[in-house]
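Trainee: So the sequences go chain by chain: A and B.
Offset between the first sequence (1-based) and this note's numbering: plus 130.
Offset between the second sequence (1-based) and this note's numbering: plus 6.
Worth flagging that the hints you see were computed from the coordinates, not collected in a lab.
Wrong hints could be hidden among the right ones.
Cut-off 30 Å, straight-line C-alpha distance, at most; resulting in silico cross-link-like pairs (DSS-like, lysine-lysine) [stated by the list, open to error]:
id, chain 1, residue 1, chain 2, residue 2
1, A, K159, B, K293
2, A, K334, A, K272
3, B, K326, B, K449
4, A, K159, B, K74
5, B, K101, B, K74
6, B, K101, B, K461
Quantities reported herein were computed from a predicted structural model and do not represent experimental measurements.
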Amino acid sequence: MITQEFEFRAPDKLDDALSLLAEGGDDIKLLSGGMSLMPMMALGLVRPRLVLSLNRIDGRSFVREDRDALRIGAGTRHYEILHDPLVARHCAVLAEAAAFVGDMQVRNRGTIGGSLAHADPAADYTPVLVAAGARVIARSKKGEREIAADKFFTNLMETALKPDEIVTEVLVPKLGAARGAYTRLHRVEGNFAIVNAAAILSDKSARIALGGVGSTPVALDVSAELARGVSADALEAVGRRVRAACTEAPADLNASADYRRQMAAVYAGRALSVAAGRTPSQQTPEAGRKSAPSASTPRKSAAGAVGGMLRTAVAVSVNGQPRRVEADNRMVLADLLRDVIGLTGTHIGCGTGSCGACTVMLDGRTVKSCSVLAADVDGCAVETIESLASDIHNLHPLQESFVRNHGQQCGYCTPGMVMSALQLLRDNPNPDPAAIRHGISGNLCRCTGYQFIVNAISDAARALGAAKPA
Amino acid sequence: MATEQSHPTGAAASGNERDSQPAMGSRVPALNSRALVAGRGIYVGDITLPGMLHMALVRSMYAHALIKSIDTSAAEKTAGVVCVVTGEEIRRNTKPIPQPYNKAGIGVHAYDWYALAHDKVRYVGEAVAVVVAEDKYTARKAAELVEVDYEELPVVPDAESGMAPGAPLVEPSWGTNLVMERVSDTGDVAGSFAAADGVIKGCLSTQRYSASPMEPRGYAASYDTFRDQLTVWASTQCPHPLRTYIAHIIGMEESRVRVIQPNVGGAFGSKIPTYQEEPLTAYLARKLGRPVKWIEERSENLLTGGHAREQKVHFEAAYKRDGQVTGLKAKIVADVGAPAALAGWEMSLVTTFCIPTVYKIPNCHVELYPVVTNKCPWNAYRGFGKETASFLMDRVMDGVAQATGLDRVAVRMRNYIQPEEFPYQQVSGVILDSGNYPGAMRKLLDLVGYEDFPKLQAEALREGRRIGLGLGQELVAEGCSLPTSLLVAGYDGATVRVNPSGQVTVLTGVTSPGSGNETSIAQVAADTLGVDVNTVRVIQGDTETCPWGLGNYSSRAVIMGGSATFVAASELKEKILKVAGHMLEVLPADLQCQGGKIFPKDAPARYVSFNEVVNIIYSDTFGIHAKEIEPGLEATRYFRHPNIYQEGDPQGRSSAYPSWPNAAVGAVVEVDPASGGLKLLRVCMVHDSGVVVNPMLAEGNVHGGIAQGIGGAIYEHLVYDENGQFKTGTFMDYTLPTAVEIPPLELAHQETRSPFTPLGTKGVGESGVLGILGAICGAVENALPELDLRLLEMPLAPERLWRAIQAAPKRAANGGGSVR
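Just need the whole structure built from these sequences, with the hints factored in.
Mentor: Below, the structure is given as structure tokens:
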């Protein structure tokens, strides 16, 4: 729970955001997706004076071709990158990394610009962007500049951004004939990578970049080692260079510094091997499978800061009903639903975006409502578990399937699980068990061991498929 | 839970008369599932009362320190704060939290634990003060403003340090850090080792662990000043004992306290009373005359919501060339955290009760040293120490197989207690009720494909994949009963009421932590009375309406509550048959109840309907058919498990556990030797929980147990540093397995009836947790047969496994063949 009061602003225009930033001093936090910021605020690790949301600024989400590069808007959400056809065609390895970011709900909300600016040393995009030679475009009131990805990350969670700058775009070179691969080691799905590695390989050159092994990514040109192709000897030589380069690998609960160094070598080798085995046009399994669903509806609202700047007037549609509330800025969407509107089917299991019990649909895609500020949903449409069944005799077919298959026990994770399953089936009406497990990996259950949940979702997919006219 | 269960769609409210199949043994969907999947469960967090206040704790930042002074002024001045209470007031106005049994009576050190610490703190997170405010943000914010002046004391960071000579004392009045000591010796241990063909030895360890129910703890209390009536809504497993304890602690008459357990979002032992926050919420509601609510944050749950499992077992096993294990020595050192009033450290005691599990090893020497440390106290957690015993014995059996070159199955078969030997008194004194361990193992070998596995393994190896198969065998002690305990005893009650319209209400003393036992209990009542299960409603978890009972732990809901329901329903059935017999002019003994009809066993067509008979009993009390029976159709009966022995046998051994479900488990893993990464591919289990009332619910329970077992084997680990500072306060650090980590789970049942319960049930609540630890270790070793790898330390996180692989000596070349 966020205890410290703060001001909240969500301007419609980038220029207004830049002005606020220019005036504001350092204790401003920009909110793009918020998938890292919100848990940090909930844990009291970050206590900004002002949270400046970029979510109401139109036109921050796009992927466009620009000669030899792709221009990716900083507000592009991870799921959009994962499913974007241009990314799939020209830089599939970026989508491969996007697939590892958190879980479905995090990918639905988090943005590439937010991830870059947060600069977690084990972030999934980082090694890919560094290895690919991407450039970050930052804007301030004074103008715009490009920063090379390998110069962008300056220290642990620090970047080359000046206090008055906002990331607006990422320029990713088209891979052309080069091949890329991304690999990572982690404790559990959705958790931080212990180490991660990206490789970009062409006939002439080979570059790798590694995350999790220091405060900034480690990038190496290994063209010389791989001059005669990817062989065991070549990879051994790469491994030696990697181990030598990762001198500042950190130690934490998951891994010692030495292990991280060793694993950096192992995973660098794997990324290179996978890349070498790919054809230039080959896509990663998930990338570009389908085009991204249409982006959220434009948001209209006259609401703004009230009550001494610590509260915000919010107009939001909840299960089709318009609601107007004045929210304490510390309030998250889950609290708004539960404490203000009285929809208690949305549960809070961790409050830091890990467990998924609070999953709801925000503008048509699932998010963890503990990690979205109530003030930030002004003008949005929210659907909760309560929207699926009018009464006990008229459950949604997915809910019927949970009942039939005993996909719930204590029922605490269930509403969030059902919402995630709904999202999964909308994106992929015929998921196999592995796809189901991946799709609900953002929802923890402690009772069922997931087996009957997987069965229930499979069964529901069959039932829903059968119900549709041929 | 206190709310009534809803009927599935279409359940006719009027008629019992139908050709229904017996409910027991069928996959009846959970009766409360429709509300739960719709998000209409009601948990403590969902309860809002007019004028409700919110409470936040000030928690110790030190592992061990004196409280010099507390400055509450800044917090009190915060707008919206109603009051700040410190340990001094609690010390003055309340009693210590009662112990779950009379510890002094059996030579166990006890500690007077108050709802707030007053003179010193003994672990990071111990509650020091409490802030009550108009809203939860203000309460938490103001709690950060309370300034506590501490004087740090030397820390006992782990059990070994606590046992060292001259160690600082966690509780100085004890003069030791040992809760107790226990040495048991049966048979001729020295002789067995002297005569052995070989001895294996090692030190096994299980890590500190958290139950982590998805719903953290939560309590709400409301006091009616004019009626002197306190109502407490608690996410608890044991509402009746909690009522007694709260009344005692805050000094109220028990009859004026009502505890309601609404839906509980998982518990797994960790919501057994009594925590500091339970009486604290009640005390503050009474003090302030306004409702007070406390909903735990996840970080608090990980820090203070009861820890478990941190044990080391130094062991030696003597064996014969033919695989017989003839002697066992085990020295168990448990790091049980700070002294409290939770039923926690006893888990280490249960480890000793269970050794040597399903095997006949007559010569056993077992030592137990539970050590208090400056960490969160243990509270009960699924497995309750039994997992360490099963893990130990699996490692011993695999170790003997490696040492002798015998097959892992053959060694187990050589040592099993045989099916005809039950009831079997194990060396610790416990009496195993029934079982067929070789049968379960044989069934498992078929299920997992043991014979064909080497072929699969060779195929995988050709693709460069290292897969392995491991075996585990768990023995789960259930139905715990402690002497002198209000909370933990081997009995429970139920009220069965047949209403005038023929529908049945069951009120139980057992409760559901979210596992769905109310459905199984409805099935028992339905079959006993011969009515449709959809006409049965089960009400649990309300001290005002339900009969006294001890709630939920140790898989007792169906063992005790199901049996009590059976006994109470049978009493009503007797009355109903008497009246029906009179109506049909047939002896009651010759009648049968089924499908809402009562008929002579030899003439089913000549029936009277159940509802008709019930109607006569209610409305024609003085009429010819009913005048011989006592009016009314309601019975409250208690079931006391007959396989509990509190008095010692000639060797002074008692038996606290009456019920012994068991299982054989097979795990298939893929190992990535280069990283130490581990991927489970399959888990198969044949479990024997006696008669299974609802196979679907039982399987769901076992699945959950297996997943928690997997969490303990690979992913979950609560970590403290050497200063007693806690390092794993979020789910990003304490990593629960997701659906991706848990493999497909395949189950089969074996039903060996308990001879001691009326329905042959044994309980299924903890099954699945125990055997998986050894099975995974065995599978990893099996995947890397070229290495002399002996995995004894949990969890198998990537770096630990990688280091073990790096350190393992190569085996003498035997062609890289599979070692079984």
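Trainee: Would you mind marking each hint as holding or not holding in the structure?
Mentor: Results of checking the hints against the structure:
1. Restraint check: the Cα-Cα separation between K159 (chain A) and K293 (chain B) comes to about 42 Å, which exceeds 30 Å; the hinted pair is violated.
2. With a CA separation close to 39 Å, the supplied pair K334 (chain A) and K272 (chain A) exceeds the 30 Å bound.
3. In summary, the hint linking K326 (chain B) to K449 (chain B) is supported, as the alpha carbons are separated by about 27 Å, within the 30 Å threshold.
4. Note on K159 (chain A) and K74 (chain B): the hinted pairing is violated, with a Cα-Cα distance of about 38 Å set against a maximum of 30 Å.
5. A distance of roughly 22 Å separates the Cα atoms of K101 (chain B) and K74 (chain B); the hinted pair therefore holds under the 30 Å criterion.
6. Only pairs whose Cα atoms come within 30 Å are accepted, and K101 (chain B) paired with K461 (chain B) is rejected, the gap being roughly 65 Å.
Hint compliance for this structure: hints 1, 2, 4, 6 are broken, all remaining hints hold.
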